[in-house]
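> Now for the letters of each chain:
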Amino acid sequence: DTGVSQNPRHKITKRGQNVTFRCDPISEHNRLYWYRQTLGQGPEFLTYFQNEAQLEKSRLLSDRFSAERPKGSFSTLEIQRTEQGDSAMYLCASSLVGRGPEAQYFGPGTRLTVL
Amino acid sequence: GNSVTQMEGPVTLSEEAFLTINCTYTATGYPSLFWYVQYPGEGLQLLLKATKADDKGSNKGFEATYRKETTSFHLEKGSVQVSDSAVYFCAPLSGFQKLVFGTGTRLLVSP
Numbered sequence: 001d002t003g004v005s006q007n008p009r010h011k012i013t014k015r016g017q018n019v020t021f022r023c024d025p026i027s028e029h030n031r032l033y034w035y036r037q038t039l040g041q042g043p044e045f046l047t048y049f050q051n052e053a054q055l056e057k058s059r060l061l062s063d064r065f066s067a068e069r070p071k072g073s074f075s076t077l078e079i080q081r082t083e084q085g086d087s088a089m090y091l092c093a094s095s096l097v098g099r100g101p102e103a104q105y106f107g108p109g110t111r112l113t114v115l
Numbered sequence: 116g117n118s119v120t121q122m123e124g125p126v127t128l129s130e131e132a133f134l135t136i137n138c139t140y141t142a143t144g145y146p147s148l149f150w151y152v153q154y155p156g157e158g159l160q161l162l163l164k165a166t167k168a169d170d171k172g173s174n175k176g177f178e179a180t181y182r183k184e185t186t187s188f189h190l191e192k193g194s195v196q197v198s199d200s201a202v203y204f205c206a207p208l209s210g211f212q213k214l215v216f217g218t219g220t221r222l223l224v225s226p
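Here the protein sequences line up with chains A and P, keeping their order.
Per the numbering used here, the first sequence starts with residue 1, numbered consecutively.
Per the numbering used here, the second sequence starts with residue 116, numbered consecutively.
Okay, chain A solo, but in the shape it has when bound:
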């Protein structure tokens, strides 16, 4: 399977704990995106990378959130001191950007539940 993969698929944690999610994009894709989706809503953009550079962060991404893509391949999203409001599906997507806009391909998501 050469699609976008995310791990873990589900994470249950207690309020105040730190969590880290991993995303492996489609191998030749140079852009990687993180979105968050809450129940009954569409995904909301959080941040994106082009290769290893983080180029944009949404205002939704508070200082408790940090994302990295150290070698321009996989990415991690860490949430420190989790809050119940962080409960959501965290989606990763990747795309190959060359001469024009290209479609983003999504992974299955990591569902976070903060108790």
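Treat the hints with care, since some could be wrong.
To be verified - Chain A is faced by these chain P residues, among others (derived, beta-carbon under 10 Å):
1) Gln121
2) Lys164
3) Leu214
Treat the hints as calculated values from the structure; they're not laboratory data.
Glycine included, each C-beta is placed from N, C-alpha and C at the ideal position.
Use these hints to put chain P onto chain A, whose structure you have.
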């Protein structure tokens, strides 16, 4: 920034009925437009796209035409199946970077 408005669901149809899901957007410039589908318990899948005015995207019997004059990208299918039951998202691409999603439209197809 970009925004999108989709018709509220659920849209309930019988198998083989004609489907239209309306989508209008506001945007700076002329964004690429996408439809994504989310089946129960699964992630988002790209359904179709259009990158410029009057382009028609199509896939699996679904079609949508980029209408610049009405800033619309309505999704249509001539004959729906039970397996098409899902949530459909229209999304313009903002600044060649991020997708802007609406709340989605749930489609329920009964046999």
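> Each of the hints needs a verdict: does it hold here or not?
Here is how each hint holds up against the structure:
1. Satisfaction of the interface hint for P:Gln121 is found here, the shortest Cβ-Cβ separation to chain A being roughly 9 Å, below the 10 Å cut-off.
2. At about 6 Å, the closest approach between the beta carbon of P:Lys164 and any beta carbon in chain A falls short of 10 Å, and the interface hint on this residue holds.
3. Hint status for P:Leu214: holds, given a least beta-carbon distance of 6 Å to chain A, under 10 Å.
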